[in-house]
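Next come the chains, spelled out residue by residue.
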Amino acid sequence: MKYDVQHGTHYEYRSIVPLAKHVLRLTPISNATQTVLATSLSIEPPPAERHEIIDAFGNRATEITIDTDHRSLSIRGRDSIIVHARANVEMERTQPWETVGCDAMASFDLGAHSPAHFVFPSRLAGPLPQISDYARSSFGAGQPVLICAMDLMRRMRQDFVYDPAATDAATPVGDAFAWRRGVCQDFAHVIISALRAVGVPAAYVSGYLATSPPSGQPRLLGADAMHAWARVWCGREHGWVDLDPTNGVVVDQGHVTVAVGRDFADVAPVGGVVISSAGHSLASWVDVAGTDESR
Amino acid sequence: MPAPGLAGYRPDADRYDEMVDDAGHVRARYAALSPAFGRTATAPPLLLDEREWRLIESGIAQRARLLETVLADAYGAQLLCRDGIVPAAALTRSADFLRPLLGISPAGGRHLLVYAADLGRDRGGMWRVLRDRTQAPTGFGNTVQSRKATLQAFADVAVHLDICEIEHFFHTLNGTLRGNGRDGNVCVWTPGPFSENFSEHQMLARLLSLRLVEGGDLLVQGSQLFVRTIAGLEPIHAVLRRLDGDFADPLTLNARSRLGVPGLTQVIRAGNVVIANSLGAGLAESRSLAPYLDAIARHLMREKLSLQLGDVTEAASTMPVWDGTKISPRPVTLRVFAVSTPDGWQVMRGGVAQLGDRSRTVAADVWVLDRAYRKPPPCILAAGSCKQLTSRVADHLFWFGRYFERAVGVALVLQALETRLVTEMPAAGWSETLDLAQLLGAWGAAPYADRRVAAAIASSAHDYVGSLPWLLNAARLNANCIAGELLPQAVADDLADLINAIRIRTIEQRAVTIDRLQAMQVALASHRRDDHATAFLQIGRHVERAIIGCRLAERYAIGPASQIAGADALALEIRRGDVQSRATAPSSLFDRLIGAVTAPTSIAFDIEVLRTASSALPAIAHADQDVVAACNTTAGLAINIIDKTSAEALLPLLESKLIGFGDLVSSAYLTRRDPTPAVLGAAPR
Numbered sequence: 008m009k010y011d012v013q014h015g016t017h018y019e020y021r022s023i024v025p026l027a028k029h030v031l032r033l034t035p036i037s038n039a040t041q042t043v044l045a046t047s048l049s050i051e052p053p054p055a056e057r058h059e060i061i062d063a064f065g066n067r068a069t070e071i072t073i074d075t076d077h078r079s080l081s082i083r084g085r086d087s088i089i090v091h092a093r094a095n096v097e098m099e100r101t102q103p104w105e106t107v108g109c110d111a112m113a114s115f116d117l118g119a120h121s122p123a124h125f126v127f128p129s130r131l132a133g134p135l136p137q138i139s140d141y142a143r144s145s146f147g148a149g150q151p152v153l154i155c156a157m158d159l160m161r162r163m164r165q166d167f168v169y170d171p172a173a174t175d176a177a178t179p180v181g182d183a184f185a186w187r188r189g190v191c192q193d194f195a196h197v198i199i200s201a202l203r204a205v206g207v208p209a210a211y212v213s214g215y216l217a218t219s220p221p222s223g224q225p226r227l228l229g230a231d232a233m234h235a236w237a238r239v240w241c242g243r244e245h246g247w248v249d250l251d252p253t254n255g256v257v258v259d260q261g262h263v264t265v266a267v268g269r270d271f272a273d274v275a276p277v278g279g280v281v282i283s284s285a286g287h288s289l290a291s292w293v294d295v296a297g298t299d300e301s302r
Numbered sequence: 006m007p008a009p010g011l012a013g014y015r016p017d018a019d020r021y022d023e024m025v026d027d028a029g030h031v032r033a034r035y036a037a038l039s040p041a042f043g044r045t046a047t048a049p050p051l052l053l054d055e056r057e058w059r060l061i062e063s064g065i066a067q068r069a070r071l072l073e074t075v076l077a078d079a080y081g082a083q084l085l086c087r088d089g090i091v092p093a094a095a096l097t098r099s100a101d102f103l104r105p106l107l108g109i110s111p112a113g114g115r116h117l118l119v120y121a122a123d124l125g126r127d128r129g130g131m132w133r134v135l136r137d138r139t140q141a142p143t144g145f146g147n148t149v150q151s152r153k154a155t156l157q158a159f160a161d162v163a164v165h166l167d168i169c170e171i172e173h174f175f176h177t178l179n180g181t182l183r184g185n186g187r188d189g190n191v192c193v194w195t196p197g198p199f200s201e202n203f204s205e206h207q208m209l210a211r212l213l214s215l216r217l218v219e220g221g222d223l224l225v226q227g228s229q230l231f232v233r234t235i236a237g238l239e240p241i242h243a244v245l246r247r248l249d250g251d252f253a254d255p256l257t258l259n260a261r262s263r264l265g266v267p268g269l270t271q272v273i274r275a276g277n278v279v280i281a282n283s284l285g286a287g288l289a290e291s292r293s294l295a296p297y298l299d300a301i302a303r304h305l306m307r308e309k310l311s312l313q314l315g316d317v318t319e320a321a322s323t324m325p326v327w328d329g330t331k332i333s334p335r336p337v338t339l340r341v342f343a344v345s346t347p348d349g350w351q352v353m354r355g356g357v358a359q360l361g362d363r364s365r366t367v368a369a370d371v372w373v374l375d376r377a378y379r380k381p382p383p384c385i386l387a388a389g390s391c392k393q394l395t396s397r398v399a400d401h402l403f404w405f406g407r408y409f410e411r412a413v414g415v416a417l418v419l420q421a422l423e424t425r426l427v428t429e430m431p432a433a434g435w436s437e438t439l440d441l442a443q444l445l446g447a448w449g450a451a452p453y454a455d456r457r458v459a460a461a462i463a464s465s466a467h468d469y470v471g472s473l474p475w476l477l478n479a480a481r482l483n484a485n486c487i488a489g490e491l492l493p494q495a496v497a498d499d500l501a502d503l504i505n506a507i508r509i510r511t512i513e514q515r516a517v518t519i520d521r522l523q524a525m526q527v528a529l530a531s532h533r534r535d536d537h538a539t540a541f542l543q544i545g546r547h548v549e550r551a552i553i554g555c556r557l558a559e560r561y562a563i564g565p566a567s568q569i570a571g572a573d574a575l576a577l578e579i580r581r582g583d584v585q586s587r588a589t590a591p592s593s594l595f596d597r598l599i600g601a602v603t604a605p606t607s608i609a610f611d612i613e614v615l616r617t618a619s620s621a622l623p624a625i626a627h628a629d630q631d632v633v634a635a636c637n638t639t640a641g642l643a644i645n646i647i648d649k650t651s652a653e654a655l656l657p658l659l660e661s662k663l664i665g666f667g668d669l670v671s672s673a674y675l676t677r678r679d680p681t682p683a684v685l686g687a688a689p690r
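So the sequence lines, in the order shown, correspond to chains A and P.
Every position in the first sequence, counted from 1, becomes a number in my numbering once 7 is added.
Every position in the second sequence, counted from 1, becomes a number in my numbering once 5 is added.
Hints in this document: simulated from the structure, not taken from any laboratory.
Glycine included, C-beta positions come from ideal geometry on N, C-alpha and C.
Don't take each hint at face value.
Ranges of calculated distance between the beta carbons of each label pair, as one might list FRET restraints [as the list claims (entries may be wrong)]:
(1) P/307 <-> A/143: 42 to 52 angstroms
(2) A/79 <-> P/303: 57 to 67 angstroms
(3) A/113 <-> P/502: 55 to 65 angstroms
(4) A/290 <-> P/653: 48 to 58 angstroms
(5) A/134 <-> P/167: 46 to 56 angstroms
So that you can see chain P by itself, here it is in the shape it has in the complex (with noise of 0.2 angstroms):
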């Protein structure tokens, strides 16, 4: 049912109300905005006139200058404690003071780069400061995409409002970020998937084109900070941190962080990385503080505070809100930001409105109308300059693919046995449902157990190592963190769908995995965005797929089961190609197995891939040679299994070989292995 504009909302009499006046008149700025209220589940804009925009701008650009001005002073001079204006349990009762960073004075001279604050309106209509917010400022992130939905929703009412755009915000956080025009190599840096901004973090590091990094992605070496990429090390020269800064050095902070970079603290020291906001800057938002802010603008500033103080549970507006039946008040708060740039602050003409209490949230967008607001030139941010992977990142692609790939044939498998489960009767001696149920047992998927409960294991039990619904979360949590720009996301997604789906044991619902799965397949081999992700990727799939063919020949072209009539077919029921690329089938199972390059089923296909994949991989001290020299003794021992008898001697030494080039990859290019904080040191006695 539609909303009916705004007819019958009744505010809170003794509140502002955002869209309605006391009168019971829709406000002027709203005018155009009330008739499409409540027509699309997207929240209206909160709507802010120009007149009112300047009190908030220069109160906000006040406060920042104020909070920078005071982290100077708490980690320098400290003349707001001698002058006798703040006691020193003000600071010291905040867990952010954090005291290693006292006398170190911040590379860049500033402390906050990044500044926001949480709004709310009083009794009265004036907006009043609920929060400072200097540690992690979160929420600008995903202001362009919400302008983008809103703007969309509302087209028809937005052409005829004059409203300030806010990528110029990023615009100008990028430049500050860069050092100005120096052009320096910049990092946001993410706690990680677990992170509930997590996908925040994300988005940030797309729009402002830097690299997403953790804690172990980067590393201290001589008072330098470094990433770790798949082409060695690359200086970082300044960081937009995302994570508290208590967590930020496990060696002079917080020993139990796991996030951490150990010695930042000494980079800092020693002024070679600019840290957006400063460790430390999480004070000037601390609750002690705060009562005191008035005064110290008095004495350090000698200016007066615009935007007071105001109280979270008495300040706050409302907005009508349309929950699908009625149209009722909500109460809202305003989340605006500001970055610092070498002529002052900048604030985002825009920002993210908050509507509900602690239980229910609804984001809206913000809309800042200003008639005398000229758009500045449209601003192309600065492409990252052919960033190198993270090793990290090329870690999970790798390991994806070896999982995904793994969970593929296990499913393969499992879907033969289950299906012959059903109408096979148990007969001694060898069976096909006795085969594939040690295959399973072979391969770690389950124990070598009676076929019923190898394949109940197999397939439904979540922490057996090895287990399908095991592996498709290995493959999940690698995804997880790559999913987005490398890895499509809905493959993140339908795995997670996946694993919730595989407690239902039907034929039918096996055929839905596998189908899904080669889906999957599909949406991999046509998501295509860097090279280098794209080859470790495939070389992960690929390693993987050519030890299964190799383990798959071994048993059914030469092995005792290759005797026995269907096993043809039984191999390549459990064995398929790529589906992308079916080309013309050679006949004998040999050759689809082993030898034939243009059939997707062959071990030759998948070593074609991965040379291919392998000649693409930046070039590092002698370990790409390395690598494609590994490739290559792979592909020349493929070729030269031609018959039965060379297959017996040569398919362990392939597996083999193929498993060594995996580890070679790894250890040259991934290898990232993060520090383990050990509390080091024996309880005094």
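Bound conformation, chain A alone (with noise of 0.2 angstroms):
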């Protein structure tokens, strides 16, 4: 599929901001499921300084300083992407989990897409008895990484309710695992805590999706905002593979990576410090048109 993504966050201040220093992670890469053709971002008022690095996860990340007086910030892209069909994993071949865990702890590789790096507890997404508890009974002894995952998945479709009132960009894991319910972020926060709870190494993805699905299937849930789903490590053969708990998928061409991390803080589309004596209001939009390159 050949995606042609427009986005915009706009924020209002309710007073003057003298000074911003914002990373912004709003840029896709090409690799092994995607190849971007071309990439664009716009800032208003334009930044006095603007580095582009690539960060220690593979993303690139865009750092400014905005150090005139403003009262609004607006942030405009446009991407246009190439996403491949995903070879198809088979479930019940992949590894028992329990040896997927312990090769992780065995790796030695540190790149960037290494599962050392998503094994542990992160920022956001630590480690709760009460998760924990939650994902044991997915993870019978011996059964293959993948076929667990997608039970824990699952599960979570039954049990868990999508609510864009419930939470907000800072609720803990804790809590939207309490209440049930969340968005996104949350679902995927709760279900990479539950795989490391077990020893599974467990990734935050965040991208877009497709505003009208492809012809015959249904529209997924959170298009019209930035998405976050999981990424699972599946052993050495398999490597990773990509789950969206929100709409109880794996991942495939509907789905357009921007960043990936071992939770939100890593990727955030839009991160930084300001100086401001009051607060402010935010807007943001994603349009993501596709066609099929098959036709």
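Reconstruct the complex from the two isolated chains, following the hints.
This is the structure:
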């Protein structure tokens, strides 16, 4: 599938902001599952400083400094991306989850996608006894890891309610779990915490969903804003497999990847620091138009 | 009851005791010291002879070299993982493996500039490493003071011993931080006064003659680190970091940190600042890595570690501790410190001994005894080249002055009110108590309410903004940040005392409060360290006093109350001068409150102080001229107040000009508002 992604983020500040420093993770990069044809990111007011870096997880980050008085910040972007079909993983053939955990701990790989980065608790996806208990019943002894992870996702679909009013960007994973409610960020943090609780490496992915689904398929939740899902490591042979717990599906050509990290804190689309004496309001939108290349 | 030397001391049978051997004899190195045991409250020092010390010294230097190598590899080539020596998880498990620092080699080429290790003896008496300290090793800031106290307590013993001195360590550290001769601008970075080690940070800054800064004092512009001072931005070349690396930059590390400097990582990436120790150096002390250090030493350095890892729970020798009634063995651990130099690691010939278990510990000095030790020539630490105050420190001085004087003003009104409430019969119409209660309301110290209610709130409602305890606490919070060098520590301590005592609401107690506040005024007036610091404190105090003066003059010299008999006496009861300078008092209330420069109760007196202080402020791009001009404006107004008519016209204007002057000083020199880390970004859906 080829996608034309357009997105906008707009902040209104309630007081004049004399200085702001931001890190933006809004630009997708090419990898095994997608080829980025073109990207652009425009920022208003224009930053005094702008650096592009590749972070430790291989994401593209734009560091900006705005040192003129401003009352609003607008970020707009447009990306053209081809998302490739993913190889079908035979779930039954994946390694037992215990082996996967041991392999992650024994790995000598420190690269950006090494499972070793994603097996331990992180700031926003820590180990909680209640989430650990919840996870256990999906992980029968010796079961293939992806079968277990799929079962976990299926149970979450049953037990959790998608509710944009219940949580916000700062809701701790324990709260979202206790309420059994939230948005994609919460779903992702819960399943990541659950997977790590049994020793299986899990990562957080931010990205986009096609606004209009391919014909014959239902429109997915989370298509009108930035989306998030999880990535589970299935052992040396099968590597990473993306699961979208909000929609209960294995990720394929309908998802555009923007950034990968241990949790939301690693991939926040707009992070940073502003000097401000009052609060702010925020509006953002996304439009992801897909064209099937095969036609 | 004095302790009887070591008589009756029975160490545990299965542990090594520092002072007494298995046969119950005092060890040779303690022969001179043991008779003095228990004589003073100061714990006796831990003694190490030269043979034992050399083993520790070389072991520590070797370990420091190893950990430097580990950090350089973990943040650089990562051969340890590639070669299969250390599994990746041993690094990634540590919360101090800071990924944004990957691939950046630190300015100056070193991750570790200071290193500390906690040591304990095993049962066989061998020293073992219990814990490496690479994040921001603490404890060495207090060693000089502790050495001084211990030498004093055991002076008669010390003269017979060859004790290695420790000051040289700080000389070396200073050289290392200043870039060995390049005289860079260096600061000590503290998380702030709430940090449990804040007093050590202050001590360290003083010992090294370095500026003590908080994150809010620092800022990044164009890949360069700066400190905000009252004379503008100064570039910073090196930082002795006293907070965890993860908190150092909310932009790339912990976004929730309010202690960090946004963009610091960028300065580090550009190689423009030395951070001691590097952000990410905490990795080297992580428990997940410790088990691999032996293998790493063999692989990377082709060496065997001479100091082996020990178990915290098992490895500890004992020292006798006299608790006033009995003498008993307590476990002891030893912390030693090392500093990196161009010629390798230099280990401080001393350290800190911790006596006791987790619940109760006593720190003791450590004496290294070495007959061959030659005292190095006395070193004079380079005094910092005329360092400007940071804007934050000046801000604390200014606001301390303002809150303190406002508290004095409210305390005097309260005292007058409370004294009269005891004797006065309730009466309709104007009364002194009604007037004083209204005054408390007008100043925001209490709501406009019944006299007794107003007095109760103004005197003891801690959370009522503007009440006496609230003002004292606001002054105290500012004082805590600057106590020591720039403000007498006694003032900060006294304020804390007063706040505690304030709920006792008796007439006698109020008089005590006032006496103590006035004693503080005297202490403040006589404590002069830095001309600029004095100026900001004076400006804060006398702006507040002058504003209070205007309000009192409007009320008692020209307002309706001025017609009433006794108003004069009342006004002077609640308007007292700086005790220190009681000159000949003019007779009329008008002069005493407003115009007489010689009367310390007058507005003119306060404005004269402001003029002197303003002219002492540093020059900064026209702002200093504006400040002096604003001050002269207030002086001009004050001179023109010569009678009731001019007072009625000009007093309100003078008050607003004084407020404006305070704001101008604040915006010209003190503005340093900390950036608020805002976790932005819509929640993904």
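Tested hints:
| no. | hint | in the structure |
| --- | --- | --- |
| 1 | P/307 <-> A/143: 42 to 52 angstroms | 47 angstroms, holds |
| 2 | A/79 <-> P/303: 57 to 67 angstroms | 59 angstroms, holds |
| 3 | A/113 <-> P/502: 55 to 65 angstroms | 60 angstroms, holds |
| 4 | A/290 <-> P/653: 48 to 58 angstroms | 55 angstroms, holds |
| 5 | A/134 <-> P/167: 46 to 56 angstroms | 54 angstroms, holds |
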